[in-house]
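Produce the complete structure using the sequences and hints provided.
Protein chains in written order, with our numbering: chain A, 2 to 267; chain B, 2 to 267.
Calculated from the structure, these hints are not laboratory results.
Each computed DSSO-like pair below joins lysine-lysine, with the alpha-carbon atoms no more than 30 Å apart:
| hint | chain 1 | residue 1 | chain 2 | residue 2 |
| --- | --- | --- | --- | --- |
| 1 | A | K60 | A | K157 |
| 2 | A | K60 | A | K173 |
| 3 | A | K173 | B | K173 |
| 4 | A | K60 | B | K173 |
| 5 | B | K157 | A | K173 |
| 6 | B | K157 | B | K60 |
| 7 | A | K60 | A | K81 |
| 8 | B | K81 | B | K60 |
| 9 | B | K173 | B | K60 |
| 10 | A | K173 | B | K60 |
| 11 | B | K173 | A | K157 |
Bear in mind the structure is a predicted one, so any value in this text is a computation, not a measurement.
Number of protein chains: 2
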Amino acid sequence: MNNTTMEIVESERIRRLIRRGEWSQATSGAAPGYVQCNLAILQSDWAAEFLRFCQLNPKPCPLIAMSESPGDYLLPTLGKDIDIRFDVPRYRIWRDGELVEECEQIDTLWSNDMVAFLLGCSFSFEEALLADGLEIRNITEACNVPMYRTNMRCAKAGRLEADMVVSMRPMKAEHAIRAIQICTRFPSVHGAPVHLGDPALIGIADINRPDYGDRVTIRADELPVFWACGVTPQVAIERARPALSITHSPGYMLISDLLNSNLAVL
Amino acid sequence: MNNTTMEIVESERIRRLIRRGEWSQATSGAAPGYVQCNLAILQSDWAAEFLRFCQLNPKPCPLIAMSESPGDYLLPTLGKDIDIRFDVPRYRIWRDGELVEECEQIDTLWSNDMVAFLLGCSFSFEEALLADGLEIRNITEACNVPMYRTNMRCAKAGRLEADMVVSMRPMKAEHAIRAIQICTRFPSVHGAPVHLGDPALIGIADINRPDYGDRVTIRADELPVFWACGVTPQVAIERARPALSITHSPGYMLISDLLNSNLAVL
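If you want it as structure tokens, here you go:
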């Protein structure tokens with residue numbers, strides 16, 4: 002690309018719409034090929050513990066970027082001019098672990114002790130699976146991916162602890178094997194599945210009653226395949242009840258300028 | 002290693018014992034780290050078809066080496082001074098698809114139209130799995146791996162056709178996922194599993210009644226994991242009934258000087 006032209010990449014184009022308040026949809030399918038991120042913003046007295054929680058639990062909490070110092074709302078490693086106070090289409094405000102508000106910008110809430118954490122998201126590996134010809138049921142059925150609380154305990158970091166939340170995509174065995182191969186290449190977006198087969202073995206009582214998201218069809222010749230899910234750190238935050246935290250609204254992600262293919266380790 | 006000394010590697014040491022008739026055991030566990038191979042010897046009117054069968058079905062038939070020309074009994078790419086007429090501890094002689102004899106050398110049967118094919122074997126990936134801390138049930142239970150005929154049709158090559166035979170190792174889901182990652186690195190020794198979970202989906206009626214090898218324990222929290230098996234080309238040969246063919250006796254493999262770790266593609 003010739004840098005002297007006015008061309009902008011699709012990720013940047015959509016972020017501009019979001020910043021101007023001209024984009025109010027979820028970001029699934031927007032800017033294909035670009036990495037989208039989960040967001041968690043915490044005050045600095047929680048930041049070290051949250052960073053440690055991510056380091057100890059990289060599968061549910063794959064950290065891709067964070068504020069360089071408290072109060073820094075720019076994320077230059079993720080993309081040009083990203084300002085985390087404006088560039089996510091919908092935010093959730095949590096006080097003492099309770100959801101109190103959804104809004105489209107957080108500049109009036111931002112303070113000099115805030116730290117933004119951006120985590121990898123399943124959209125990236127779903128794109129890689131689709132590109133390989135695999136079917137993803139929640140996409141076929143146009144609903145949210147089903148997510149479940151499990152009995153798989155995350156490593157504790159100070160006041161932050163949680164049982165892992167997993168997302169589930171049903172697949173035939175041969176496709177599950179292929180999905181494991183593909184997702185292994187993408188550790189920064191949850192990596193390989195953490196379980197497949199019998200849901201009861203990870204503490205899921207009824208596969209047809211997800212704790213988050215929607216139920217999807219599981220056929221007789223399919224196995225449920227489970228991935229570590231970015232809802233896990235949200236559960237840890239809800240449980241720990243910090244005075245103030247801010248997340249993206251589910252499905253309304255930060256669109257970065259990183260390419261999904263650049264996340265592949267192989 | 003200093004080539005001027007008389008040092009020999011462990012693989013070569015055991016081959017010398019085999020050639021002198023001083024080794025009559027199976028080769029499982031012998032010369033750790035070195036690639037062991039399945040053997041099939043066919044007369045030249047079958048060789049092109051067998052080579053094509055291997056190329057079309059690389060998971061059950063991962064070809065590692067073959068005679069450079071008909072009648073050539075040396076395999077220099079596999080190791081120093083390997084003579085396929087003497088260096089396998091036990092051979093099976095087949096006439097018109099029927100097993101007629103087992104013997105310890107085949108020099109009197111060798112003719113100028115014979116072609117030897119050496120195929121990768123599960124010992125190599127089992128070693129990689131063990132090195133990663135995984136348990137392999139047939140090793141723990143000191144028996145042969147259970148093997149099953151399936152309904153997975155191999156691609157046909159001339160007169161050679163077969164349904165795939167698979168070997169099975171039970172594992173917890175998290176270990177099955179790890180095994181898929183590890184075996185993916187070793188395509189020349191059967192590669193990633195071809196199925197896991199419900200045996201009926203690949204035409205196995207009773208997992209506790211293997212068609213070859215021994216039954217192993219499958220625990221309630223485990224999945225059966227299935228790999229393409231080197232018995233498959235033997236089935237194709239038996240079925241096609243060539244006038245004469247020679248194989249290794251199960252478990253009595255050719256020990257090469259190649260290192261298992263050198264087979265890893267990553």
